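Asker: Given next are the chains, with one letter for each unit.
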Amino acid sequence: MDIPAFSQHEQALRFRALRNQVLSSNIANADTPNFKARDLDFADALKGARQESISLTKTSDLHKQAWGTSQEGARTLYRVPTQPTLDGNTVEMDVEQAAFAENALQYRASLAFLDGKIRSLRYALKGGD
Amino acid sequence: MSLFKVFDVAGSAMNAQSVRMNVTASNLANAGNVSGDPDKVYRAKQPVFSTFSTSLADQTGVQGVRLEGIVESAAPIQMRYQPDHPEANADGNVYATNVSTVEEMVNMMSASRSYKNNVEMINTTKDLLLQTLSLGR
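Residue numbers (this note's numbering), protein chains in the order written: chain A, 1 to 129; chain B, 1 to 137.
Here chain A stands alone, though its shape is the one from the complex:
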């Protein structure tokens, strides 16, 4: 049975998991020269989830997309640094840590919503506690 109430939270969880990966890659490469920090855009992911995302027309298999696209339709974009460094690294640790914490919290929120749905469904199935 496909439960529509689950699908949106499932998609949100997948996006959060992906963003967690991208942000962890940024934090891991904080000392790597010439590494460019990246992030996902939630609005893009939302568009992708609604299948409204636009893409370049490809006339050959050798053509590449203008950006990396995840299976969720979210683009990984480069972050614009406020303070560029001498070694070409654009990771700003405080920005990344704040984003990482925010993302983890949003992941937990999605989990809590899903948990609530499951509880209420179970309640309905059992007809009480």
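Don't take every hint at face value.
As the list claims (entries may be wrong) - For lysine-lysine, the following DSS-like pairs were computed, each having C-alpha atoms within a straight-line distance of at most 25 Å:
1. Lys-126/B with Lys-116/B
2. Lys-36/A with Lys-40/B
3. Lys-116/B with Lys-45/B
4. Lys-117/A with Lys-126/B
5. Lys-58/A with Lys-47/A
Keep in mind the hints are simulated off the structure, nothing from the lab. The structure displayed is predicted, hence computed values, not measured ones.
Since chain A is already given, all that's left is putting chain B on it; use the hints.
Answerer: Okay, now just chain B, sitting in the frame of chain A:
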């Protein structure tokens, strides 16, 4: 489950940072090194980091840290006139290592901060995964 990749990425970064700590320890231990031969004196070593993708097909830009190698510092070796030193050469000169203790201390702090950041990242991700596993209980 894509969250598991975080362990690989953070693990590679922790590995790189621990090598950096080892190199710093070696540099600090040899900070007082002198030699009568400028070619034999200890030169400060520095690790070089680069990125690697866990899979080529991955377009999302999730990259770990790879250790490219360890390079020796090209900073000039200092020559001192110290004829009473047992290592002094025929002219009475000794050559001191180019390790900068201040730089190495800063390096050590930076490495330990970065290492801790990665540990925190693993802990947070582990919590998220455990919470996901206990969904609906």
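Asker: Run through the hints listed earlier and report the numbers of any the structure violates, in increasing order.
Answerer: Going through the list in order, the structure violates hint 2 alone and respects the others.
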